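These protein sequence lines are chains A and B, in that order. This note's numbering applies: residue 1 is where the first sequence begins, and numbers increase by one. This note's numbering applies: residue 1 is where the second sequence begins, and numbers increase by one.
Treat the hints as calculated values from the structure; they're not laboratory data. No experiment lies behind these values; they were computed from the predicted model shown. C-beta atoms are modelled at their ideal positions from N, C-alpha and C, and glycine is treated no differently. Just so you know, not all the hints are guaranteed correct.
[To be verified] Quick list of in silico lysine to aspartate or glutamate cross-link-like pairs, EDC-like style, CA-CA up to 20 Å:
(1) Lys101(A) <-> Asp104(B)
(2) Lys79(B) <-> Glu57(A)
(3) Lys53(A) <-> Asp65(A)
(4) Lys79(B) <-> Asp65(A)
(5) Lys38(A) <-> Asp104(A)
(6) Lys15(B) <-> Glu34(B)
(7) Lys79(B) <-> Glu64(A)
(8) Lys38(B) <-> Glu75(B)
(9) Lys53(A) <-> Glu64(A)
(10) Lys101(B) <-> Asp104(A)
(11) Lys44(A) <-> Glu75(A)
(12) Lys44(B) <-> Glu57(A)
(13) Lys79(A) <-> Glu64(B)
(14) Lys53(B) <-> Glu75(A)
(15) Lys101(B) <-> Asp65(A)
[What the hints assert, rightly or not] One side of the interface only, derived from the structure: several residues of chain A facing chain B at Cβ under 8 Å:
(16) Asp65
(17) Ile89
(18) Asp116
2 protein chains.
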Amino acid sequence: MASSTHPNAPCAACKFLRRKCIQGCVFSPYFPPEDPTKFANVHKIFGASNVSKLLNEIAPHQREDAVNSLAYEAEARLKDPVYGCVGAISVLQRQVLRLQKELDATNADLIRFSSDQNTLMMPQSSGNSLQNPHVLPPNYGAYSWNYNP
Amino acid sequence: MASSTHPNAPCAACKFLRRKCIQGCVFSPYFPPEDPTKFANVHKIFGASNVSKLLNEIAPHQREDAVNSLAYEAEARLKDPVYGCVGAISVLQRQVLRLQKELDATNADLIRFSSDQNTLMMPQSSGNSLQNPHVLPPNYGAYSWNYNP
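Next comes chain A alone, as it looks inside the complex:
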């Protein structure tokens, strides 16, 4: 199927694979000829055959998201052949843990300050202590990657 921006040009996948880009080509909507690197990366890491199989197994309306996530993974793997985008997961998991720790410490400070203030204001205060609205539920770390590069 020819690209809408280049009506006579084969898609980047068919051009790369040197084959005719036929009507209904599974790659054509997601690999325009003006971005040959996107297909080259995905092909190098996953292989055109695996990508084609994967696209045929999912609903058409989800294929663009699938291709974009594959392209993201492929680019990450080419930049970092050892960890790929799992390196990003590891970095983000550490950020989440660090932020949660910082938040816990800041909340503890806040509770201490609130308690101190209540003590100072005791004669005027009705005795209400601060109900801190910033305590998060402990649902971080839902995705666990136990390898720490």
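Chain A is fixed; fit chain B onto it per the hints.
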């Protein structure tokens, strides 16, 4: 190369591919016969040939990490064919942003409480305001995945 735990057994990759597991097999150290799923997953998503090429392009001491990150990506893609482990990146990025927002709000509360306390304690205080140690540098979001499934 035979596995150390099963001296006569071919590795999971060679067993899957029905080929002789020779001395120096690139897969053997990382795909033991007792875990056939690990290779099956990696082969289904990346293809044995691509994995073999990748392993041969990186230093031997990094190959185990590479295989484990590939296995992690493959398993994530099989569980979620549309987003794979990029879904985890998206979830973690949102967690980082939410935690940073919560931390900013808690820090603002803490500064306000500190200021209030200083006002209350003015006659006794030397005028030191709280130096909040919990403000983080704005280095979150180093890995950006702009697609939000």
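Hints and how they fare:
1. The straight-line distance between the Cα atoms of Lys101(A) and Asp104(B) is roughly 14 Å, inside the 20 Å bound, and the hint therefore holds.
2. With a CA separation close to 13 Å, the supplied pair Lys79(B) and Glu57(A) stays within the 20 Å bound.
3. With a C-alpha separation of about 15 Å, the suggested pairing of Lys53(A) with Asp65(A) holds against the 20 Å cut-off.
4. Under the criterion of a C-alpha separation no larger than 20 Å, the hint pairing Lys79(B) with Asp65(A) is consistent with the structure, at around 15 Å.
5. Taken as a hint, the Lys38(A) and Asp104(A) pair is broken in the structure, with Cα atoms around 42 Å apart against an allowance of 20 Å.
6. At roughly 11 Å between alpha-carbon atoms, Lys15(B) and Glu34(B) fall within 20 Å of each other, so this suggested pair holds.
7. Of the pairs offered as hints, the one joining Lys79(B) and Glu64(A) holds, with about 18 Å between alpha carbons and a cut-off of 20 Å not exceeded.
8. With a C-alpha separation of about 8 Å, the suggested pairing of Lys38(B) with Glu75(B) holds against the 20 Å cut-off.
9. Among the hinted pairs, Lys53(A) with Glu64(A) is consistent with the structure: their alpha-carbon atoms are about 14 Å apart, no more than 20 Å.
10. As the CA atoms of Lys101(B) and Asp104(A) are separated by approximately 14 Å, the hinted pair is consistent with the 20 Å bound.
11. Taking the CA atoms of Lys44(A) and Glu75(A), the gap is about 10 Å. The hint holds against a cut of 20 Å.
12. Restraint check for Lys44(B) and Glu57(A): satisfied, since their Cα atoms lie roughly 13 Å apart, inside the 20 Å limit.
13. Straight-line distance between C-alpha atoms of Lys79(A) and Glu64(B) comes to about 18 Å, which keeps the hinted pair within the 20 Å bound.
14. This hinted pair checks out: Lys53(B) and Glu75(A) have alpha carbons roughly 16 Å apart, not beyond 20 Å.
15. For the hint linking Lys101(B) to Asp65(A), the alpha-carbon distance of about 28 Å lies beyond 20 Å, and the restraint is violated.
16. Hint status for Asp65(A): holds, given a least beta-carbon distance of 5 Å to chain B, under 8 Å.
17. Because the beta carbon of Ile89(A) sits about 6 Å from the nearest beta carbon in chain B, less than 8 Å, this interface hint is met.
18. Restraint check, Asp116(A) versus chain B: the minimum CB separation of about 6 Å is within 8 Å; hint holds.
The structure fails hints 5 and 15 (numbered hints given earlier, in ascending order).
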